[in-house]
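Visitor: Residues per chain are reported as follows:
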Amino acid sequence: MKFLPLIWATLWRKKFRTILTLLSIVIAFLLFGVLETVDYAFAHPSQGQSGADKLVTINKYSITLSLPFSHARQISNLPGIAEVTWLTWFGAYFKESKNFIFALPIDTASYFKVYNDDFVISHDQMLAFSNTRTGMLVNSALMLKYGWKVGDKLPLHSTIWTQKNNSLDWTFDIVGTFDAKDPLQASQYSTTAFFHYELFDEGRSFGKGTIGWLNERINDPSDSAGMSSKIDALFANSPNETKTQPAKEFALAFIKQLGDIGFILHAILGAVFFTLLFLTGNTMMQSVRERTPELAILKTLGFSNNLVLAMVIAESLLMCVIAALIGLCLSYLALPIIKQGLQGVELSPRALLPGIGVAVVLALIVGLPPALGAMRLNIVDALADRH
Amino acid sequence: MTEAIVSLRNVVKEYQRGKQTIEVIAGLSLDILKGEFVALMGPSGSGKTTLLNLIGGLDRPTSGEITVAGQRLDQLKSGALSDWRANNVGFVFQFYNLMPMLSAQRNVELPLLLTNLAAAQRKTNAMAALTLVGIADRAKHKPNELSGGQAQRVAIARALVADPSLLVCDEPTGDLDRKSADEVLRLLQILSREHGKTVVMVTHDPKAAEFAGRQLHMDKGTLLDATRVAA
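As given, the protein sequences belong to chains A and B, one line each in that order. Residues 1 to 387, numbered by the working numbering, are exactly what the first sequence covers, in order. Residues 1001 to 1231, numbered by the working numbering, are exactly what the second sequence covers, in order.
It is worth saying that the hints were derived from the structure and are not from the lab. Hints may contain errors.
[To be verified] When the alpha-carbon atoms are kept at most 20 Å apart in a straight line, the in silico EDC-like pairs for lysine to aspartate or glutamate are as follows:
#: 1; chain 1: A; residue 1: K14; chain 2: B; residue 2: E1145
#: 2; chain 1: B; residue 1: K1207; chain 2: B; residue 2: E1183
#: 3; chain 1: A; residue 1: K230; chain 2: A; residue 2: E249
#: 4; chain 1: A; residue 1: K113; chain 2: A; residue 2: E241
#: 5; chain 1: B; residue 1: K1034; chain 2: B; residue 2: E1194
#: 6; chain 1: A; residue 1: K95; chain 2: A; residue 2: D169
#: 7; chain 1: A; residue 1: K208; chain 2: A; residue 2: D169
#: 8; chain 1: A; residue 1: K248; chain 2: A; residue 2: D223
#: 9; chain 1: A; residue 1: K2; chain 2: B; residue 2: D1083
#: 10; chain 1: B; residue 1: K1019; chain 2: A; residue 2: D381
#: 11; chain 1: B; residue 1: K1142; chain 2: A; residue 2: E294
#: 12; chain 1: B; residue 1: K1179; chain 2: B; residue 2: D1219
#: 13; chain 1: B; residue 1: K1077; chain 2: A; residue 2: D381
#: 14; chain 1: B; residue 1: K1077; chain 2: B; residue 2: E1065
#: 15; chain 1: B; residue 1: K1123; chain 2: B; residue 2: D1163
#: 16; chain 1: B; residue 1: K1142; chain 2: A; residue 2: E290
#: 17; chain 1: A; residue 1: K145; chain 2: A; residue 2: D173
#: 18; chain 1: A; residue 1: K15; chain 2: B; residue 2: E1145
#: 19; chain 1: A; residue 1: K60; chain 2: A; residue 2: E290
#: 20; chain 1: A; residue 1: K164; chain 2: A; residue 2: D179
[Claimed, not checked] Distance ranges between label pairs, derived from CB positions:
#: 21; chain 1: B; residue 1: A1118; chain 2: A; residue 2: F263; range: 52 to 58 Å
#: 22; chain 1: B; residue 1: I1190; chain 2: A; residue 2: L277; range: 32 to 38 Å
#: 23; chain 1: B; residue 1: L1117; chain 2: A; residue 2: I268; range: 47 to 53 Å
#: 24; chain 1: B; residue 1: K1077; chain 2: A; residue 2: W12; range: 49 to 55 Å
#: 25; chain 1: B; residue 1: D1175; chain 2: A; residue 2: F3; range: 45 to 51 Å
[As the list claims (entries may be wrong)] Some chain B residues well away from chain A (every beta-carbon gap over 12 Å; in silico):
#: 26; residue: E1003
#: 27; residue: G1056
#: 28; residue: A1162
#: 29; residue: D1177
#: 30; residue: E1183
#: 31; residue: E1194
#: 32; residue: D1205
#: 33; residue: K1207
We put the CB at the ideal spot given by N, CA and C, even for glycine.
The shape of chain A in the complex, shown without the other chains:
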């Protein structure tokens, strides 16, 4: 610790250069924090408190292929199945395609039995939803975002489903709002709106009697793999074979359809840190080279080779770790903004922790070569300017 003031003063010997170097590291770690958080969020989709007892059944070959409605009845008869519900991808937006709404046609009675603990909905609004054929329950955050209120008529454009009159525009009546009970799932539902499957099935011009996928709640969460196999066995060798997975695995598989998010994010980070390595490494080399006479003086005064080595590495560590901490703190502060951009994905500050390790590795890589040079510095040659 007694060497810290000396190392600190050395770090700020060329203030402007140090500030620029720190800034470049701060920005790199801000990016690291943001991208790692996004990667973590995709790799660890939140399932809330009751996620372990949920299964998802889709067509064996693609989620875009529908299943017959009869599957729901057959699955519900399986021992160990507590509830079954069904849904279909509606693909809606409000006014413009950028205003994506995760509008889901649901079978009201069964859906809220499967997700019996997931939502907070007032009794009156639930009753109104059940009694209104064109009714829609909208997430509170979504209501707030667009300034909607209960009683409004809501026109949504489906990118897939035409009505009998060939129109892709569907109109709903907002009869209530809902919130996720688990705060960790709040952002997951922040663009969600529910409407009646009956209305959807009767109104669409094609695909009647089919469903997109099924959600099941099972009695024994520890037997999710066994139950998945049993469900799929029901439809083996039929024209509509199924693929059943625990809900968490399904979420991961769904995200992977977008591409290998982790690879893309890490490739970007790799490029950023590769550049940073050269930038910071060059700065450190230059900084230590400029200080050759000073390092020679320290050795003259009795500072050992190992102590000089440690001091240069400590300087590199100090610079990289401080800048990384600032960058990671900024990315932590940016989490709410990222959440808005990644609706439905839960973010965790835990993703930032590896950043400290990366900063230490970076500091060692960029600090070691000049530190070794400083350690090997010959005093006589350095003082005679022959280094």
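Position chain B relative to chain A; hints supplied.
Guide: This is chain B only, laid out in the frame that chain A set:
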């Protein structure tokens, strides 16, 4: 009889420059007594600074024995030599070689970082050294805020602060005007006479050498003669 603090026996120092071997010190033997102020003179390339580096433990001889403050320097390894320098010798250079980003006081404290002294004691000792060289009022100033003479006094304070028995000075007045140079030389004289420090100083300046108690003249790596000056 006063004992020799510096003793060199048949010291040879050779450098390799390409395929050529250059003998800088050629079988030199020398004794410097405790408390002596010795001036090393001679033309450029005569081996003065090399000899000073060998005495100060900054360099090793190719052959021969070097004993300083009771320690055979030619037998010490790098780490032990660093420790020895920290405890036994203070260095003063022509261009002061102060750390530009540290205040005078912090510069003087540098050798004390290698001791177990607490921060407060390090500061006290540094201030005492600055007071001894008459520059305590500039303790908070950085080197670029000091004149050449003041910076050299700070460098001398840094050399003194760990209380070494030997001061090695390489052209300590080479960058100073006459008045500042005389002040620095008088200070070195006082340190030798009143504080018992052994001072070995390399200089080109005959007037500077006159402040020393003994003048040694070198040429081609050997001592030519010795001039003892009346104290």
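Visitor: Against each hint, give a clear statement of whether it holds in the structure.
Guide: Okay, the hints, checked on the actual structure:
The hinted pair formed by A:K14 and B:E1145 meets the criterion: a straight-line CA distance of about 17 Å does not exceed 20 Å. The hinted pair formed by B:K1207 and B:E1183 meets the criterion: a straight-line CA distance of about 13 Å does not exceed 20 Å. For the proposed pair A:K230 and A:E249, the alpha carbon gap of about 17 Å is at most 20 Å, so the pair holds. Between A:K113 and A:E241 the alpha-carbon distance is near 25 Å, which puts this suggested pair outside the 20 Å criterion.
Straight-line distance between C-alpha atoms of B:K1034 and B:E1194 comes to about 12 Å, which keeps the hinted pair within the 20 Å bound. The straight-line distance between the Cα atoms of A:K95 and A:D169 is roughly 10 Å, inside the 20 Å bound, and the hint therefore holds. This hinted pair checks out: A:K208 and A:D169 have alpha carbons roughly 18 Å apart, not beyond 20 Å. Distance restraint check for A:K248 and A:D223: the Cα-Cα separation of roughly 14 Å lies within the 20 Å cut-off, and the hinted pair is therefore satisfied.
A C-alpha spacing of about 18 Å is found between A:K2 and B:D1083, which places the hinted pair at or below 20 Å, so the restraint holds. At most 20 Å may separate the alpha-carbon atoms for a hinted pair to count; B:K1019 and A:D381 meet this at roughly 18 Å. This hinted pair checks out: B:K1142 and A:E294 have alpha carbons roughly 15 Å apart, not beyond 20 Å. Taking the CA atoms of B:K1179 and B:D1219, the gap is about 29 Å. The hint is violated against a cut of 20 Å.
In summary, the hint linking B:K1077 to A:D381 is supported, as the alpha carbons are separated by about 18 Å, within the 20 Å threshold. Among the hinted pairs, B:K1077 with B:E1065 is consistent with the structure: their alpha-carbon atoms are about 14 Å apart, no more than 20 Å. The straight-line distance between the Cα atoms of B:K1123 and B:D1163 is roughly 15 Å, inside the 20 Å bound, and the hint therefore holds. A threshold of 20 Å between alpha carbons decides the hint, and for B:K1142 with A:E290 the separation of about 19 Å falls inside it, so the pair holds.
As the CA atoms of A:K145 and A:D173 are separated by approximately 17 Å, the hinted pair is consistent with the 20 Å bound. With a C-alpha separation of about 18 Å, the suggested pairing of A:K15 with B:E1145 holds against the 20 Å cut-off. A C-alpha spacing of about 66 Å is found between A:K60 and A:E290, which places the hinted pair above 20 Å, so the restraint is violated. For a cut-off of 20 Å, the pair hint linking A:K164 to A:D179 is broken: about 33 Å separates their Cα positions.
Evaluation of the 52 to 58 Å hint for B:A1118 and A:F263 yields a pass: the beta carbon distance comes to about 54 Å. Checked against the hint of 32 to 38 Å, the pair B:I1190 and A:L277 fails, with Cβ atoms roughly 54 Å apart. At roughly 51 Å, the beta carbons of B:L1117 and A:I268 sit within the given window of 47 to 53 Å. A beta carbon spacing of about 35 Å between B:K1077 and A:W12 contradicts the range 49 to 55 Å that was offered as a hint.
Our hint of 45 to 51 Å for B:D1175 and A:F3 is violated, since their Cβ atoms are close to 29 Å apart. Distance check on B:E1003: its Cβ is at least 24 Å (rounded) from any Cβ of chain A, clearing the 12 Å threshold; non-interface status holds. Taking the minimum C-beta to C-beta distance to chain A, about 8 Å, the non-interface status of B:G1056 is violated against the 12 Å cut. Non-interface status of B:A1162 relative to chain A is broken: a Cβ of that chain comes within 12 Å, the nearest being about 8 Å off.
Chain A leaves B:D1177 outside its interface by the beta-carbon criterion, the shortest separation being 23 Å against a cut-off of 12 Å. No Cβ of chain A comes within 12 Å of the Cβ of B:E1183; the nearest lies about 23 Å off, and the non-interface call holds. Distance check for B:E1194 against chain A: the nearest CB is about 24 Å away, which clears 12 Å, and the non-interface claim stands. Listed as a non-interface residue, B:D1205 keeps its Cβ farther than 12 Å from every Cβ of chain A; the least gap is roughly 20 Å.
The Cβ of B:K1207 lies farther than 12 Å from every Cβ of chain A, with a closest approach of about 25 Å, so its non-interface assignment holds.
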